[in-house]
Every structure is written in C-alpha cells, then in structure tokens.
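Number of protein chains: 2
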Amino acid sequence: MKSTEIRLKNRPVGLPKASDFEFATVELSDPAPGEALVRNTYMSVDPYMRGRMNAGPSYIGGFEIGKPLTGGAVGQVVKSNDPSLQAGDLVESFLGWREAFVAKAKALTKLPQLNAPPQTFLGTLGMPGMTAYGGLLHVGEAKAGDVVMVSGAAGAVGSVVVQIAKAKGCTVIASAGTDAKVEWVKRLGADYVINYKTAGALTTAFAKGAADGIDVYFDNVGGEHLEAAIALGKLNARIALCGGISIYNAAAPPPGPRNYLMLVGKNMRMEGFTVARFASKRDEFLSDMSQWIAQGKMKWEETVMNGLDQAPEAFLQLFKGGNTGKMLVKLG
Amino acid sequence: MKSTEIRLKNRPVGLPKASDFEFATVELSDPAPGEALVRNTYMSVDPYMRGRMNAGPSYIGGFEIGKPLTGGAVGQVVKSNDPSLQAGDLVESFLGWREAFVAKAKALTKLPQLNAPPQTFLGTLGMPGMTAYGGLLHVGEAKAGDVVMVSGAAGAVGSVVVQIAKAKGCTVIASAGTDAKVEWVKRLGADYVINYKTAGALTTAFAKGAADGIDVYFDNVGGEHLEAAIALGKLNARIALCGGISIYNAAAPPPGPRNYLMLVGKNMRMEGFTVARFASKRDEFLSDMSQWIAQGKMKWEETVMNGLDQAPEAFLQLFKGGNTGKMLVKLG
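Just so you know, the sequences run in chain order A and B.
Numbering-wise (the working numbering), the first sequence opens with residue 739 and increments by one.
Numbering-wise (the working numbering), the second sequence opens with residue 739 and increments by one.
Next up, chain A with everything else stripped away, as it sits in the complex:
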C-alpha cells in the first residue's frame, strides 16, 4: 500500500511558504507483530507546529529537514498484527501529515466512546481542549465570579476557554479578528467581545467590558493583548501563557510586554505551560467535557480543508485568521 506524506523541505523564514514543504509517496510494508496499519481520516494543523519548523531546540523536538512532519491525527485501523487492535478501530496518533502509516500499536490510542465525531478528538476533546481546560483551571486558577479575558477566542483553544469559563460561572471578555468571529464567540456565551483589528487601543477596548479589571488572562496571541491584560489585571491576577501567535513568524523576537513591571505591584503571576503538564488530568477533562456537551454548554465549529495537498495551506491559514474553531484537514 502506498502513502503520500509531507516533508519539511526548508526551514521557513517568517511566514512559511508552499515551497518550504515537499510531497513524497512511500510504500508501506505489512504490519509486523505488535504493529498496525492505519489510514488517517483527519489530521490536525496547530500553531505550535511553527516553532518545530525552526532550527534549534523546541519543547517537543524540532522537525527535521527531509523527514515527514508529525502531529495529531485520527484514523482507522486497516490491518492489525497486535491483539489490542482490530481492523475498523478508530485511533488517535501523532502521525499526521500523511495518508497512512504502519506503527507500533502502543503509539496508537483508541478513541473513547463519547458522543462526538472522531475528529473532535483533534479539537475540543483533544489537545486544544485539554490545553484550554488545564490552562484556564489549573494554571489560571479561574473560579466562579472571576473575570476571565481570552484572546484568539474563535480559535480551537480560545473557543473552549470561553465555554469552560462560562460553565464555571466566570464573566468572559474576549477578542477575535473578524466581526463574524465576534458574533460566534458571543453565541458561545462570552459577555463582551471585541474585534481586535477595529477596536483601537486594546486596553481601552477591553476595559469597557471589565470596569473593575480582570482576574485571569488566557493568552494565545501575545503582543498588545498581553500588555492590555497586565494593565487591566487586578491584585493577584493570573496570566496563563499558552502561546503568542502574533509573533511566531517574527524573524527577530519582538519586545516583551513593556509594562511587565506592573506585575510587581499587582502581585500578579504570568505562567507558561504546555499541554503535556496535564497528562494526569485526562480522565477528569473527558468527564467534565462530556457532561458539558450533554448539557449543551460546549459547542464547536470546524474549518475543514480537503485532501493532503491542502495541508500546507491549512497550516498557513492559522496565521491569517482563516479558521473559526478547529482547523482540520480531511484525508479519508
């Protein structure tokens, strides 16, 4: 069986280009004992992958030139040579950016039996959802009554942050990059949402929705948003630092928040995290999420592009605001 895969051709400088990727078709062998052959049905593109394309250390290991990219994917077992799996099983893996693959059974996770389509395990019920859950509740320590600020609120992570915060009894102020996204985030329950591209100075804009300041900021974007959150932070406020999509493609690092010294007087905390930290909380996460889904408190959208050849463009669109909710590439 043949599989087409996408490899890193060049390390991108700034925003990646189509020519930074190359396609190759490989012949897959039959699964050896302990292995299974899987055909991917959906693969994920996520902002953190940009860092892995650079030279030098990345927190989960960099991509190598000439090697296939990796990332979250769901698929179906075609053929199994391991007793733990059988043909037809739906599995999650970290072997995206390819149509099919042979891997050890222990590198595959059978999808839980929850009332949600398989690709949801790449978004709301997967890594982005877990990132939102752990970052908001365990790093940000959001609790009922808190004012929670979220950037990138129409994205795969931000949209879950909004809804968990509402489910927990918080007030939510949020930002997104188009008026249509703003409307969607309002429908998710956010109390006050701005279009950051048209709202003017962000501190002033967010302050209109949080007259007494904020308790938690979940940062997906960095830049001026982060400065606004520091300026609006109440005493003892927490910033859960998830990423900075506004600066991932910067050739040189832009300045950090110019007002960071305000953290001192405000006894305020800014804490970075990666999803790996919450590995032990997966059961708690799936239990809470399935309850919120059953109660109608958790909605999601997907932006789906079709075919492996669209994967580089889907990835690029993450940095151009091209997705509402989870960006996926449908392969099956």
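In case anyone wonders, no lab produced these hints; they're calculated from the structure.
Glycine is no exception: its CB is placed at the ideal position from the N, C-alpha and C atoms.
Check each hint, because a few of them may be wrong.
[Unchecked claim] Pairwise CB distance ranges, derived in the manner of DEER restraints:
#1 A:751 / B:949: 27 to 33 Å
#2 A:988 / B:973: 49 to 55 Å
#3 B:793 / A:946: 22 to 28 Å
#4 B:918 / A:749: 45 to 51 Å
#5 B:936 / A:935: 30 to 36 Å
#6 B:936 / A:921: 39 to 45 Å
#7 A:751 / B:879: 35 to 41 Å
#8 B:852 / A:937: 42 to 48 Å
#9 B:941 / A:793: 16 to 22 Å
#10 A:855 / B:1022: 53 to 59 Å
#11 A:988 / B:883: 44 to 50 Å
[Said to hold, decoys possible] Here are the simulated lysine-lysine pairs, DSS-like style, with alpha carbons at most 30 Å apart:
#12 A:1004 / B:946
#13 B:747 / A:1004
#14 B:1058 / A:1004
#15 B:904 / A:972
#16 B:740 / A:1004
#17 A:1004 / B:904
Using the hints, position chain B against chain A.
Frame of chain A; chain B shown alone:
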C-alpha cells in the same frame, strides 16, 4: 520642638535631582492623648520610593507635591502620652525623611528584642529582609538542591537572598556591579558571582556558574538579567519578580524580556510580589533570621550617610550602585 523634613518639590523625570526635593522646618506640638513624640535615629532610602515619586497610581500610594516624603525609620520615643509607650523606647515607623514627629502610638512598632542594632530593622531584619525571605521561599519556592540566581546581590535585599538560599542548601549564582561587591557576595557564600558591568553577555556569563540551568531567579534589576534568567531557566523554573532598578528611572518603559515566550515551553512562572503579601509571616521570618544570625549564617553591611541633608543624595546613590548592603541615613 522643631523638626526639619524633606518634601517632594517636583516629580522627577528620569533620575531625580537635588532640586526635586525641598527642606522645611516645622514646629511639633506636644503629643495629645494616644500619641507620642519620636526622634528618628535612622531613616531608610529604598528603590521602591522612586515609583512613588511619579504621578499616577503606585502600589502603596504616590508621594504628593509639597508634602513630606515617607518611608521606614527607627527612632526613640522622647515623650509619650499613651500607656503603651514610654520615653526611651525604640520604635519603627513609616515616618522617615524627617528628624522627629508626633504620631499615634498605634502607628509605631516597638523593636523586637533581638541581638542586633536598631537600624538592622530597616535592613536585614526589616522590610528588605522580609522581601528577600518571602520572595525567595514563598514566591520562588526555593528548596534544598535548587540553583538560585540573584541580581543586585550586594544590595539590601539581594545580600539576604544569597544567605537565605545558602542556609537552605541551594547553589547560588549572583551578580553585582563592582569587583569589591563581587568579593563581598562571595564572602556571603555565593558559589559563583559575576561583575555584570564587565562580564560580557549575561546569559553566557551566568551559564558558566549554572551548566544545567537555574531553578529560581530573584530579580531586583530587570533588563538583560531577566532575559538571561529566562534563557537559563530549567523546566518549571520560577522567577520571583521583586523589582527592576535598571529601569525605574526610564522616561518611557523599555521593552519587556524579548524571550518571554520561552516561559511557555519551559512551564516557567514569573510572579511579581510586594512585601505586604508576607505580613502574616513576620514571626516565622524573625524566628528563622535570629537563628541564622546566631549560627553566623547571616551577615550584613551598611552604607551610612550622615544627616538629613544627605538623604536625597543617599537615595540617588541607590541607582548609581553607591551602596553595599543597606543604604541608611543616620539622623540621631
């Protein structure tokens, strides 16, 4: 009885000048019931006072133009009209920058009976010491075996951080601004000390003393030091953000740390704090400190200027590296 006091004449722009201060002599009334008359023997000048000289909010309230400055002081009761105090008692107050004053007895704290001279309660056993103790142990969560990095290590706060970290079994890497200060910090027990003015690139310089990175950074200075600490942070490292003397006098805020996004992958925390947060830990602090003093594990130096008229210059010298250990003005 007359008392000379120092008032804020102009809000400084950049580094304060002598002309930003003015002297005035006032006539003190006799203490009313519940009050006492105190003659200050030492007053403190501290970097945080710079922020209080600016317009706009400060975390402990700004100084007002034309009004006397305030700050830590120790003195002796001259006359008391309250049963809790009697003439001769040594007291601490927040009414520095003046020779004498009349105040409510409840605004005065009798000095504890510890084996240290009274002015120590403005330094190692006072606010700077408590700042070091709380910031290192409660914010930075330093524990035995940790590698602790400290900037401004020859200062009133930094020198105590070094010694507490050593008493707790940490490895200490530190910086100071003259070779003489470097030698003193080594005598305090620090394992590796650089002169940051001559050491070249700070990340490289500190890395020589911490090949595997650092667990805790106690930041007194900001700027390049803070970037070095982020670069050298191990997984789960903590930055206790105490202040940023390198930028207090900046007319416009300089950039924050350009590499702050490294906090994400390192699951690293940067937390601001003020000493007020540790009010409930004062007994624990004095108990630990008196034990370390008795064991010879806690030393201090003082840089003393004589007379109230020297107070503005003493304050200015804080930003010029003019002090080793606690900067004090002797009044009595």
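- Message: So, against the hints stated earlier in the document, which numbers end up violated here?
- Response: 2, 5, 6, 8, 11, 12, 15, 16
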